[in-house]
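These protein sequences, in sequence, are chains A and B.
Numbering follows our numbering, with no gaps: position 48 of the first sequence is 48.
With positions in the second sequence counted from 1, the corresponding number in our numbering is that position plus 1000.
The hints are simulated quantities; they were obtained by calculation from the structure and are not laboratory data.
All C-beta atoms, glycine included, are put in the ideal place defined by N, C-alpha and C.
Please note that the accuracy of each hint is not assured.
Far from chain B, by Cβ distances over 10 angstroms, these chain A residues were calculated [what the hints assert, rightly or not]:
id	residue
1	Gln6
2	Glu22
3	Trp97
Across the chosen pairs, the derived CB separations fall in these ranges [claimed, not checked]:
id	chain 1	residue 1	chain 2	residue 2	range
4	A	Trp117	B	Gly1083	18 to 24 angstroms
5	A	Gly53	B	Glu1015	45 to 51 angstroms
6	B	Gly1083	A	Lys66	35 to 41 angstroms
7	A	Lys66	B	Arg1061	41 to 47 angstroms
8	A	Thr82	B	Asn1096	22 to 28 angstroms
9	B	Gly1016	A	Thr82	47 to 53 angstroms
10	A	Ser5	B	Gln1060	23 to 29 angstroms
11	B	Glu1015	A	Trp117	28 to 34 angstroms
12	A	Gln60	B	Asn1110	39 to 45 angstroms
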Amino acid sequence: GAVVSQHPSRVICKSGTSVKIECRSLDFQATTMFWYRQFPKQSLMLMATSNEGSKATYEQGVEKDKFLINHASLTLSTLTVTSAHPEDSSFYICSAWSSGAMWQSSGNTIYFGEGSWLTVV
Amino acid sequence: GESVGLHLPTLSVQEGDNSIINCAYSNSASDYFIWYKQESGKGPQFIIDIRSNMDKRQGQRVTVLLNKTVKHLSLQIAATQPGDSAVYFCAEQTDNRKLIWGLGTSLAVNP
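My request is simple: use the sequences and hints to build the entire structure.
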């Protein structure tokens, strides 16, 4: 089945530095990817929609200059947390749409990565 | 909406019993709904989905019921097992492919 890989799975960085998280679709092309963050015992919060070859669309309240998203190819989207602070520590999850499937069809056409734990110290 | 500051509701069941997890969704125009299972420290895992032209859909040990009148979704797990312990989220899909997530329910299975 389709697989979405996130890297790194865990990362610790110092406050003020930047950290990049990669999201790759391994056996399908994804024109659209989504980035979420999740705090412990809470639901997923959509941060932005990443579209291949165009600028990401950010949700209200998400700073686009702080959370840089690049979707340079049909199989890779990256999220860069710039000037990280301890409050950015969270679980970041990406998901990808399989562009080969009709999005309205029943069945699992949305694939999730395993998530990336970011700890800012 | 966001669930900032809220604690997940917990459902505790005995191994072998049936579990019912409920979810209220927000958008009456949503036409596709998905249940996900999330184990600690992992990404969401697809369980079952249903389209708005259906009231019920069954999978292996799981059944999803959709009541559009009251915008309610439920997930039934038959013969609950310890491996079913996780957080369960419902999600509704909008027409721009975004998912609107429910608050989640933590399922604890007692041996």
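* At the C-beta level, are A:Thr82 and B:Asn1096 separated by a distance inside 22 to 28 angstroms? -> holds (27 angstroms)
* With 28 to 34 angstroms as the target window, see if B:Glu1015 and A:Trp117 comply at their CB atoms. => holds (30 angstroms)
* Given the hint of 41 to 47 angstroms, check if A:Lys66 and B:Arg1061 actually sit that far apart at their C-beta atoms. => holds (43 angstroms)
* Mind verifying the non-interface call on A:Glu22? Its CB should be farther than 10 angstroms from each CB in chain B. => It holds; A:Glu22 is separated from chain B by about 14 angstroms at its closest Cβ, greater than 10 angstroms.
* Verify that the Cβ of A:Gln6 lies farther than 10 angstroms from every Cβ atom of chain B, and report whether the claim holds or is violated. => Incorrect as stated: the minimum Cβ-Cβ distance to chain B is 8 angstroms, not above 10 angstroms.
* **Outcome for the supplied range 18 to 24 angstroms, where the beta carbon pair is A:Trp117 and B:Gly1083** => holds (23 angstroms)
* Range hint compliance [Cβ, A:Gln60 to B:Asn1110, 39 to 45 angstroms] -> holds (41 angstroms)
* Can we trust that A:Trp97 is non-interface, i.e. its beta-carbon lies farther than 10 angstroms from all of chain B? -> violated (6 angstroms)
* Asked: Quick one: are B:Gly1016 and A:Thr82 within 47 to 53 angstroms, going by C-beta?
  -> holds (50 angstroms)
* Asked: Does the Cβ distance between A:Gly53 and B:Glu1015 fall inside 45 to 51 angstroms?
  -> The hint (45 to 51 angstroms, Cβ to Cβ) holds, given that A:Gly53 and B:Glu1015 are roughly 50 angstroms apart.
* Asked: In this structure, is the beta-carbon distance linking A:Ser5 and B:Gln1060 contained in 23 to 29 angstroms?
  -> Distance hint for A:Ser5, B:Gln1060 holds at roughly 26 angstroms.
* Asked: When you take the CB atoms of B:Gly1083 and A:Lys66, is the distance between them in 35 to 41 angstroms?
  -> holds (38 angstroms)
Of the numbered hints given earlier, the model fails hints 1, 3; all others are met.
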